[in-house]
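Novice: Join the two chains, each given in its own frame, into one complex according to the hints.
Protein chains in written order, with the UniProt record's numbering: chain S, 1 to 390; chain H, 1 to 661.
If you are wondering where the hints come from, they were derived from the structure by calculation, not from laboratory data. Check the hints yourself; a few may be wrong.
Reference listing, derived: stretches of chain S covered by chain H, where coverage requires no fewer than 3 residues with Cβ under 8 angstroms from a Cβ of chain H [claimed, not checked]: (1) 88 to 97; (2) 105 to 117; (3) 141 to 151.
Label-pair distances were calculated between CB atoms; the ranges are [stated by the list, open to error]: (4) H:P501 <-> S:I110: 53 to 59 angstroms; (5) H:M629 <-> S:Y233: 29 to 35 angstroms; (6) S:L132 <-> H:S95: 36 to 42 angstroms; (7) H:K242 <-> S:R74: 17 to 23 angstroms; (8) H:E577 <-> S:L228: 30 to 36 angstroms.
From the three backbone atoms N, C-alpha and C, an ideal C-beta is built for every residue, glycine too.
Okay, here's what each chain looks like letter by letter:
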Amino acid sequence: MVFHFLRRLILFTLFYSFVAAQTQDQVNAASKFLQKDGVQGHTNNWAVLVCSSRYWFNYRHMANTLGMYRTVKRLGIPDSNIIVMLADDVSCNARNKFPATVYSNNRRSIDLYGENIEVDYRGYEVTVENFLRLLTGRVDPSLPRSKRLLTDEKSNIFVYMTGHGGDEFLKFQDNEEISAFDIADAFEQMWQKKRYHEIFFMIDTCQANTMYSKFYSPNILATGSSKLGESSYSHDHDSDVGVAVIDRFTHLVLSHLEGINKTSQATMQQLFDAYNFDHLRSTAGVRTDLFQRDPSKVLLTDFFGGVAQAEVVQSDDVDDARDFARLASSAKPSVVAESQSGKQQKVSTAWMEMGSDRLGELGRNSYGLSRVWASVGLIFGTYAVTRFLF
Amino acid sequence: MRWSTTLTWLALPYLYPNNYINLANAQGNGPPSGSKAQSGQPASSEGGPPPRELKDVATELLLLRPLKDGKVATHFEFEYLTRNGVPRDPSTLGSEDEDQHYEFFPLSMGQILREYAVAELHLTLNTGRWRYDTWGSPENPAVASGAELWVWMADGGPVSVEERWKGLTNALAGLFCASLSSLSGSRTTSPLHSFYPEGQLPLYFETTEPENNTTSRSGYTLHHAVLPSEAICTENLTPFIKLLPCKSYAGVAELLNPHKLFGGWWYGMGVHATWHDGETDSIDGGTEVPIDPSKLGMGSKARAGKYTEGAHNDPKAKPPPPQAQVIKQARGVKLKLTVGAVRDPVEGYRGQTAETSQWTLENLFGKNVTKLCPVTSKADVRVLLPSKEHKGPVGTDAKAAVPSLLLSPLPVAKYHPHAGSSKGDQSWDVVRNKKAKVANSLTPLTLTRSLRGYDQTRGGFSIAISNHLGSDVDAWYVESVPWIIRPYLSTLHVESVEPLPSPSTSNNGGAQQAFTSPNNASTVLDLKKLRYVPPSESKGEDSRTKPTLLEIPLRIPARSVVRVSLEFEKVFLRYTEHPPDAQRGWEIPGGVLVPTSVVPAVQGEGTRRLSRVYTAPLLADLATPDFSMPYNVIILSGALVALLFGMLFNMLVRRYVLVKS
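Okay, chain H solo, but in the shape it has when bound (with noise of 0.2 angstroms):
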């Protein structure tokens, strides 16, 4: 198995085709992917002339955002998808498995998903907090501070869904060298109503309820974990460049640098495996639909000037990516990686602002991209334009409403303003040389969460959710917090509800004054919904590892500001159960706002769903006694107990006598 992938690599499509198609068709022989269970199975190698299509396809993208501040967003994404894969049926995993080929889909990380029967993974380990408020909307969702792990397993099988968890975290853990074993058990969750799949399930079983609409999900089960603590650095980049066909030498990979990486003001990276069905599009899919700067209609003026336009002026230089419409409609199983990082182009450099930042890619990450990898079909370099007419509108992501510059497919030639295009250099550069302002990217909503209360036993969250669309918001506020706090629902309520302070509102802001009133509190907070997990009704050892789940709909009114308060409790440790830098406090994760409404597109095409939002993690102070107190005790009890026994021994033994002189 593993020697066939890996002649497969050797195997270069482009670089030798004559020995690929020889290879394909001989793994063509195998087993069709997919379980027998699925009827509609397409036979795509029906005949198999040698002009075989890959199986697999693989595409790269490099996202550049200037923001507001001065900084740079840059987010990478490598897609693999394995064509007509279909995750494994959980009922197969007692016998063996079919083989696993793979021509660009990560051979490691496909065992790890087929070994324990997982239809839908995300992982993602990020360090720092997202700024919502300046930088906007990520690129990717899931920028929970930590690592945050969340599968849909199926049930149903001789494993159980517990036991493929705690693998399956092990497994990552060992692959990405990060400590996520502990995720399994005290930290892992299953929320019902908030996260959905980004993808979607396939359906392994009939099902006999009919009335279920929410057929994808039936028979599945969601296990969410997130560890605050987390830490990120070049050891879990090292496995994850490991992962990509061509690992850093070439494509825009090769701007992978630690160095400049983890020198950001946000950084992560991200696993992402969904299964589509390729009949009908997913909800959200994150599929990113290049943007085509001529179709947008931008103007001339937003054009010149602001970015120093080469290789997409001309149009044959320009060609129809014609995979990313293979990739949006495909079946099959898709692995996107990710990588983002918030880098300050000029480190350093205080009083930076957008309007005086100017960057290249050389110094954003001390690297060039010299050459294409060669199995990619599609390498997409996007700059997304600030322009200083753009207000943009309220409630959409600035991904796509902000005109964007497709540098597509990545030109091998110098791509450099002052240069010229010289066809000599290999090597390729973005320069940004006029100076243009960012306008502020607001995301529709925002959430901030504090900790309040300063005593050791008793303590309370403060949430507070703006939405800063026209319309109002469904939306589950998801908190998953370990056991060392025990949250009282009882004191779970809406504070206020109060009308966004926004100059822009204040016109006809007396729309919403109806809102302040209290009496709104129960149309906010539908209370009869809530789903509420207590770590475990008995006051046995379960209470002291798992967590609480809260999952709390909300229905926030629009421009206004949702207060919600919460009380805890503080756990008192065992002595055993402090870690050792207890003195630091315990790190509570963040809270996830997961909206519900759809909203619609900035295209004017159909809806789409808001993206959730994360809060910040917290560090709660608990009760940590002075670590040397057993040995003081142990001493002064040692010294007592002897000073007794001494003095009761020498009572027993000793016979006091008069001595004769």
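Extracted from the complex, chain S is given alone in its bound form (with noise of 0.2 angstroms):
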């Protein structure tokens, strides 16, 4: 018995300190391998898409959201990732001629609300409050999972905005008001809670451009539709169903992204370029001070897609990655990967899921990574060892 204890032991020994030499190594190959033009990368993105006005002659804000919910849908964001927020029922209103639809253009081409749609707060619960809760994470125990913005420190989060607003104000539901600063304190307050990665933040109202000017927390860009003192206009109306059905600025984003599949290279700043004065008879305007990339070399995707980033290895690393994509493999299917540079090499796709999980729950550091990668291989290892030996 004691000499069955001694030689557990020993093995366990053994096995740890080659687990912890092993380790090192591989945690640096992981970070490298999320690392993305010097800066860490993303592994899951979300979207937070906010429409703030009530009432049936606002159709056009509930078309602008559920437009960018469509595209970000159809560029792979899962519905479980999409957080919508509606004030109110456009598609089954009484008044709305086309029962079950949201249209936005006057051709009735696309319709927004199709037959698959989650609409995760409707009507009364679309409030500041919410919409703070949701994005510091300060929710009740029983709030569903559909509720809630459950992200971590390698999640993008594009957050996008429409309404009535004004000079740093956007109206809810004509009844309340969130402003600049409190926007900007809950993103703080996120950054500081490790909850996103980096923030696309996009907003279309009147004097848009004021809501991102107090920001301050690190790894946002920030877009708007308008600067101080002006309005922002409708796009496109309808005569059957009576109101205006999209806003400039969300339409010329949308008409943009249009041309874009998950494998776009396309840039932020070739979105940024897209911006027309004459079009949107507004000033749209940019915000990168806080952002470390330059938008030059941030993808579309990074923000608007669900795209897995897999990068290539070299060949003699794999031997060494191919343990823990076996490692990772038997514990979870692995994803497939959508290769951005289109190489026919072995990829690493476990890398990939061990991370999302794993070192977002950790700190940014690399020994609490250690500790992971040496837990995880402790445990099979040992297992694996006492059913071979004993």
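Specialist: In structure tokens, the structure reads:
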């Protein structure tokens, strides 16, 4: 009995030291893998789409939001990672001549509502309090998963807001306002609590650029439809629906994104360059000083798409990687990665999976990472060795 | 857990029988479902020979009923029964739950039911007002406008019923994309007398009171909540369709087209989870007994021409649905998912009546049934036949009385009277090609409620209940009003009891004259049995959140109208208590009339309960302030303060001296 115990103990110690030695290299490789342009990349994408206007005549704000919903869903963000807040129900509204549809142009070519949609917050639930709670994660324990923003420090979040606003405020349901300071503080809290990796903030409202002027947290890229003192205008009017169906700024963004698919290499700068005063009749703004990367090197799919980044590893690295791939794939099925460069080489998908789950929970330091890898290896290794020997 | 269920899904029994059996046997190693306390656990999986019986039974039904005004009532019903399943004993809530293995029963609903130990659940989301006077009885009595949720839960566990209720509303809100979270608290009441379980409630512990006849309800509490302003749209139907085993790809679910359903005059969906012990039949149960046209003795006159009969002409094409009997008696947890819509087959064409309306499934739903969902053991499409001669015996369900055409099982071959039975085409349709008059289908009880008074402090309800039956009916009228309205119980009285002004009863209407005397009011309303739950005895914050519950026992005399009135006070709201669209008014949920009397069944076997009747919600106008007023006040008082302070400051600081020139 004692002999058995000792043998296990020795094996245990030996294995642990082996794993610990191996781990550091692999941690470095893993973090290198997640790097992009010298900055750590993201592993998951989220979208928060807010329409803060109530009433039928604000149909276009619902259409703005649903247009964004359709696009991010098309580009690969799953419904579980999209939080949609719609302050009113226009699709099944008694005034809607076309039941269960929302159209964003007067030709009615695209039905934004479709047959498969999930709206997470609707009607009276769209309040400033609920929005801030959603961002900061300070929610009731009984709140269902679909209404939570379950992001981590590897999450890229696309925040889109539309409604009626003014200088440093946005109205919610004609009843209350959210100020630019509220959102800035919420983002700071998210940063401190490691709830995001990068945020792309887009807002379509009057004097929209004032809304991002108070941000002070890192890694936020922001854009708005109009500068201080300017209004944002609607684009299409449908005589059958009876109201304006989309705003100019959102229309421009959506038309730009329409030509993009999951493998697109189009960058943020290309979108910003498409902003056009003659078309918008307002000065769309961009704020990049908080953002570490150059917008001309940021892919649109970094925020609008749920595209997993897969790096191609060299063939001599593959042997190292294989151990991890085996461990990881035994735990869960590996994802299908879309190779950005398109080269036909061995792609270690398992790393990504491990990274998305485990790296996010622990800190950014490599010490935490090594602990994780070590313990994973330890558990599997010990199990395998004891099964084999005893 | 999730994995094994997914695997079972993949292994559809009809497609891969061998795989299925292996999986099923592997699953059978788990502990038998049902609590240990249940002694009568039948050892169904004894021996386990390879042709193992399915654990779950799935059936689906589409009911089509032409209405008097030319519209068509459509009703989808998807039933999933997990055999021998028993609702979770709340005393086991602290410990780990047993494994859940379902075949067709939706896992996400099963998880919610077990997590909160729900014995019976009814959730409906409806839009519009059901017109009892022209459309007759609905296919499912739950037609309350907005969201209605009522749940039976047993007490006596580590987690309190209130906590479970809160968790349940949140979980359902997340599952069905509805704003049900606001139900808990401010909308919840617990009626004692009126609502009764539609299935049965398992007894988890021995009851010591032998005199208690209603043993099935001991230890149980009913939570009932209505949210009249809740809308229903595609985002609610999307998760609903995801609960179905074939989604909307096969079976009658193919017809679930949101663009058509939500264009209806009334539409709604429901989720009903009940438990049946199997030994005894439930009181009502709501189970559909398939009506065989031949057994009903439908004359050829009624049959020929009204609907072109196809498959059911051939006796071989109409096999006796064996699962129907099983479902009625099987023990287990049953989940019934319903979708209903009243559609106008010719949208936009005014002046259409039942005589002129012609429809097909194609123009009702914009889609066709192309294939059968392979896991369903029974898929029916039933059309209720209208008949000119049929007057509709008063006090009967249109569903039960009118002969129906059963198209069962769902034929894969095309069923089209014009094209004949061409086997090549896989799509399938029902065509109504003969004009026919639809009889006026009366409901036994009708109910209207209106709001009296136009001022912003006082108001009243006028409730008129008509009994079209030839016998007296005992019923509970349930009113659960939100806290913004405080009813005065002392003003509750029966205003009048009048005979119905019906031409058919005018000949022998003399018998009803006696009811007009106000002395009979005391026999109509029995105040001793009345139940009144005020929001709170104290004047605390509870009185501004909790609703008032009124359960009024009424005896409605035969063929007469009872008018009841009740006055109330409107609460003066604080600035922050107003909703964003305060000018629109506050929705007061509809009242419910729950009859307790039984009437003879149509088929002449036994008795049945009358189904409950809802009123439409009302919009109460409360005093709403000018919401910009606080800003005016701030600006004005700010100016005033500045003025006063400036003057005072000037007087104190400034020195007035003579300047020598």
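Novice: Hint by hint, note whether the structure agrees.
Specialist: How the hints compare with the structure:
| no. | hint | result |
| --- | --- | --- |
| 1 | 88 to 97 | holds (count 3) |
| 2 | 105 to 117 | holds (count 5) |
| 3 | 141 to 151 | holds (count 6) |
| 4 | H:P501 <-> S:I110: 53 to 59 angstroms | holds (55 angstroms) |
| 5 | H:M629 <-> S:Y233: 29 to 35 angstroms | holds (31 angstroms) |
| 6 | S:L132 <-> H:S95: 36 to 42 angstroms | holds (37 angstroms) |
| 7 | H:K242 <-> S:R74: 17 to 23 angstroms | holds (20 angstroms) |
| 8 | H:E577 <-> S:L228: 30 to 36 angstroms | holds (35 angstroms) |
Violated hints are absent here; each numbered hint is respected by the structure.
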